[in-house]
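S.K.: Protein sequences, first through last, are from chains A and B. In my numbering, each number is its position in the first sequence, counted from 1, plus 1. In my numbering, each number is its position in the second sequence, counted from 1, plus 387.
In short, the hints are calculated from the structure, not lab data. Among the hints, erroneous ones may be present.
Unchecked claim - Restraint-style ranges between C-beta atoms, simulated for each label pair:
(1) I439(B) x E476(A): 58 to 64 Å
(2) N418(B) x A39(A): 40 to 46 Å
(3) H417(B) x A39(A): 37 to 43 Å
(4) G353(A) x V403(B): 50 to 56 Å
As the list claims (entries may be wrong) - In silico negatives: residues of chain B with every beta carbon more than 10 Å from chain A:
(5) S391
(6) I392
(7) A397
(8) R399
(9) T432
(10) R447
(11) L466
Every residue gets a Cβ at the ideal spot worked out from N, C-alpha and C, and that includes glycine.
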Amino acid sequence: MSWLLILPILIPFCTAIPAFFAGGNAQLSARISLAGSAIGLVAALVLFCQVHDQGVIAGQMSGWAAPFGITLVADMLSAIMVVITAITGLAVAIYALGEIDDNQSELGYHALFQILLAGVTGAFLTGDLFNLYVWFEVMLIASFGLLIMGGRAEQIDGAVKYVALNLVSTILFVSGVGLLYGETGTLNMADLSRAVAEHPDQGMMVLISLLFMIAFGVKSAVFPLFFWLPASYHTPSFAVSAVFAGLLTKVGVYALIRSFTLIFTSDPGITHTILLWVAGFTMVTGVLGAAAQSDFRKVLSFHIISQIGYMVLGLALMTPLALVGSVFYLVHHIIVKANLFLIAGISEKLTGGSNLYKIGGLYGAAPLLAALFLIPAFSLAGFPPLSGFWAKYILVKASLDTQAWLIAGTALVVGLFTIFSMTKIWAEAFWKEHPDEITPEPPMDGTALWPRYAAVIFLALLTVAIGLVPQPFLELAETASAQLLDPSAYIAAVLGEPVEAAQ
Amino acid sequence: MKPSIILVAATRLLVVLLLLFSVFMLWRGHNEPGGGFIGGLIGATGFILYAIACGADATREALRVRPEFIAMGGLATSLIAGLISAPFGDAFLTGQWLFFGGSEGEKGFPISTVLLFDIGVYAVVMGSALSIVFALEDEVE
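Build the full structure now, drawing on both the sequences and the hints.
M.R.: In structure tokens form, the structure reads like this:
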């Protein structure tokens, strides 16, 4: 069982090594990365099927029993996230076939990309708080390398802001880990669930939980801790920014969901109320920030922030339906947002820029791209029958059920503003004539566009599929939500107590 | 800026000491505080000191291999150390031990995948720390 859990992490690591040593040959390196991503998806799907059939599974690495060794756990939420990570990884690996040049490949792009995927997958699977910190570091180092690749001044500028603010988050995280270990004597998440609830000084536990909330809040870019995100996400190559946009902030959201459903649940009056306010402000500031931007990727970056608010909202309400909404939103948003960044990449290749006021004419020149843009854009704004509609619908319904009128109204208004930004991109990049009166056309330097289109179509099809047939996805999200609200199966799987005794 | 002669002269001594100390930390880490991570950092410190005194190019020459290669080689070593447990039916990273010349009541000379893993970690940490420092050093120049 333990090999099943470690394989989705091991495969990207094992891919990174040959991809790095083949770096001088860009085509070979890209294909190794692609093959690794495909195998990784298979491993993720196998793990998912196991979790689907058997419930929560756990494994002890290096054979040390929990709570002393490193535990890997896959419940439904983890399994879903691992699969969606592998899907995004595969799409971006396809896209990278057409974007990453020889220079970037030699600097180790494909290896760092695979290490980043390993870090993200590890964070989703680990059952140990310190191990989670280690995976955050793996992601931070790999993403720093990817951000500065190319060495342009604006990239260094973005990377320094990114790393500086993420290091603050890291310090808070590790301080929280230290305090928690000092107070409870354990860092195994399942063990903590019990230890924190039984701890005599609940005030101290709430204080520590706030440290974690800030640390994960920086990672997931919630209000008011999001400044690093729009400062850095528009600088690296498009394939890189798509992975960042799709996955990195979601790891923070995942960590929030995991710690505030499994570990810190004793005083939701404080913690979840803060989360609710944070969610509302995040939605509003993100969407207003986006309205003021003129760069394709900067508009999208601010929309990441606004959408993070929806996911945190589900956690803050903490009802079964709200958590279903959070999980559904996570999956929907990873696919849609990665896809929009990839589309921004094609548009930049065709028009030669990403400033919306200086490009245009894409509708006439690339009608296929225009059609493909509409799918994730409308899904992001929440148009039926696309995936975003169901995600928003569930969350708004959950808010209304708990009579949180204000937040339900905010969620709806923010959706309206999202349409405004998407319309702006549509009007500027696709609809209007190119200001230089040229027709955007495929570049003459011989780079093939088909890998980029293949990746975009793949993700767009997924969005449509989730939108048209939401029922199976909803059922999975319901299972995940039920496991989050009643962690006894999770704890039993890790600590080896029989399920009946835990109930 | 010409580096101070005192720094250059002292660096020659200190680099040797730091590298020796890093190996000692790696070795000591088996049963006491220490290990590959801190050892790799101390080893990297030695080369970083050399880079401050003599410049990044001289350090690259002294290192002989690109630091990225050291890091990826270390990653490969650690992965192999973890995977060795697979044929024995144990979980990933479970330590496998071989006792040379061991007999009844005599442990012999132990060799383990645990040490191999730690050596890999040493190389990963040293390689990645140095590649970041070299990148920043190039930026400054």
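S.K.: Find the hints from earlier in the document that the structure breaks and name them by number, from lowest to highest.
M.R.: The structure breaks only hint 11.
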